[in-house]
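> Protein chains in written order, with my numbering: chain C, 1 to 283; chain A, 284 to 631.
Hint data in this document are derived by calculation from the structure and do not stem from the laboratory. Keep in mind that the hints are not guaranteed to be accurate.
Derived BS3-like pairs: lysine-lysine, alpha-carbon spacing no greater than 27 Å straight-line [claimed, not checked]:
1) A/Lys398 - A/Lys383
2) C/Lys280 - A/Lys383
3) C/Lys176 - A/Lys587
4) C/Lys176 - A/Lys383
5) C/Lys280 - A/Lys414
6) A/Lys341 - C/Lys176
7) A/Lys414 - C/Lys176
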Amino acid sequence: MTTASAQAGWRFKKPSVIPGFGLTLGFALVYLTLIILIPLSGLAWRSASLGWTDFWAIATDRRTINALKISFGTALAAAAVNVVFGTIVAWVLVRYPFPGRRIVDAMVDLPFALPTAVAGIALTTLYAPKGWIGILLAPLGIKIAYTPVGIIVALVFIGLPFVVRTVQPIIEEIDKEVEEAAATLGATRWQTIARVLFPGLAPAIVTGFALAFARGVGEYGSVIFIAGNLPNVSEIAPLLIIIRLEEFNYPAATAIAAIMLVISFAMLLVINLLQAWSRKRYG
Amino acid sequence: MQVRVENVRKEFDTFPALHDVSLDIRSGELIALLGPSGSGKTTLLRLIAGLEQPTIGKIFFGDDDASERSIRERNVGFVFQHYALFRHMTVADNIGFGLKVRPSATRPPADEIRKRASTLLDLVQLSGLEKRYPAQLSGGQRQRVALARAMAIEPKVLLLDEPFGALDAQVRRELRRWLREIHDATGHTTVFVTHDQEEALELADRVVVMSQGRIEQVGTADEVYDQPNSPFVYGFIGDSSSLPVKVEDGQVWLTDRPIGLAAPDAPTGPATLFFRPHDVELLDECAGCLAGTVAASRRVAGTKRVELEIGGHRERVEIELPVDHPAAQRSRIAFRPRKWKVFPSAAN
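Work the whole structure out from these sequences, hints included.
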């Protein structure tokens, strides 16, 4: 048995006392194929029918490029904002017992549950020039609704729970002794956070960032209400896809979708590799 | 650095963890805080480190009132039971951490820090592991790194909280000897907490025996073992047997007869007799001694432990016999403790 496995070199399956490897792997592959791979390959196939020149023309179209820029740019900005404030929210929820903490904790999940259109309408009402917040900002010359800033506001709203919920358990796991060790070694509170605690949280923060970013890129419902949807200014790529669909221009719609897919996949892959690397290093 | 703990009381919420504790730790001494769980030994250590603030009382480092200093300013080296290493840093970065976080005026240059880290690694016998991460080390190695990290800041006092508690017996014994060597080589005033009396007795210059938030006795290993000053210490340090007795006319009595032990200084009244199971004299005839029926016997390493039922109340005591002693075959054994002590029973 041992000699046989030693000869085999690379083995497909390591002997394990836990049964069900074949069954679960088979299930996972079939499931992923049905749920993700088939629809996505349909997308690729459909846009491939377009031919390279047409595809390139759509891809380099000014409106397409601007829509992609706005989608990815606002998603990145919103994820960045969420990383900062989401981490702070998670920190406060874990570290400080205060009255109503349970309620605040539950509120964090609301953006998950709320229909995104409701969120979009609510935010638009608040931030429109005549809205409760918009009316305060208008005299300062700050316009939020119907601009890319409005898109960021909407994406921050829906992305917040992703960061909080990924970072929170890691903060809960922080060993109090590690902080005490840093303090006995003479580190200030700030040095302890920056050099000891933050590096430990970084992988979780990156995950939260990736999730919030991915959610932001695909978000449609809440954005279209607040964005104003001016082509080249505040028109997001998913909306452009819908517009193309409504024009019965399916190849163009699938082409834009395919581009989004490739960019998203590349970015998420990089983030995952980053994480695998850090996990391998720090155990 | 001499450390003086003065009348310290510590309450958590309203639960008192330490009642009025005073302790003098001499410069360069290796001292053990020994006691069962909940005796307040870790609390005392954390108070010295500044990880807790005393409710009442003061702690002096030399003539300096440390109670007014923050944990950062106290400059103590603290080693935690579970190492508390920074897992995203290499071994060298862990050790150099205390120097790197100093304000730029007192921070040594980077290559100086690196050199210090590798000198310390040599000292803790882990040369060449600078680039490893804590996850790649064994428990014993991690604790050595933790000690090197604590020593890197040239602490006034080295404090160790159950440093070997999470390690297996073999590694523990090894590290114990090694810690003694390091202490003798560097001369840091060192306080360590342990619940393992063997560790405390073997390693420390002096042992502080604690129970229920109080210091019971402070002394060398010989003193706490040979002259325990309270029933708790007698019972806690080493093996012991105890028997309820009474003291009358300067004699120790078991119910209605004297057992041949003179206790001229003990106050008259009910008391408890303590003796070591291995420190007994076996007798053939019993006229004024202890005698009991053998209830159980078991082999412990090189000796035989015999449990005897004594007197009308069938109190059980343990004595130790050489394996080949003829008395081991008898059903009734008479003996008299060679070294013993009576403590008056606490007034009810």
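> Give a verdict on every hint.
Here is how each hint holds up against the structure:
1. Between lysine 398 of chain A and lysine 383 of chain A, the direct Cα distance comes to roughly 13 Å. Compliance with the 27 Å bound is thereby established for this hinted pair.
2. A C-alpha spacing of about 25 Å is found between lysine 280 of chain C and lysine 383 of chain A, which places the hinted pair at or below 27 Å, so the restraint holds.
3. This hinted pair does not check out: lysine 176 of chain C and lysine 587 of chain A have alpha carbons roughly 47 Å apart, beyond 27 Å.
4. With a C-alpha separation of about 21 Å, the suggested pair lysine 176 of chain C and lysine 383 of chain A falls inside the 27 Å cut-off, and the hint holds.
5. Simply put, lysine 280 of chain C and lysine 414 of chain A have alpha-carbon atoms about 15 Å apart, close enough for the 27 Å limit, and the pair holds.
6. With a C-alpha separation of about 25 Å, the suggested pair lysine 341 of chain A and lysine 176 of chain C falls inside the 27 Å cut-off, and the hint holds.
7. A hinted pair counts as satisfied when its Cα atoms are at most 27 Å apart, and lysine 414 of chain A with lysine 176 of chain C qualifies at roughly 25 Å.
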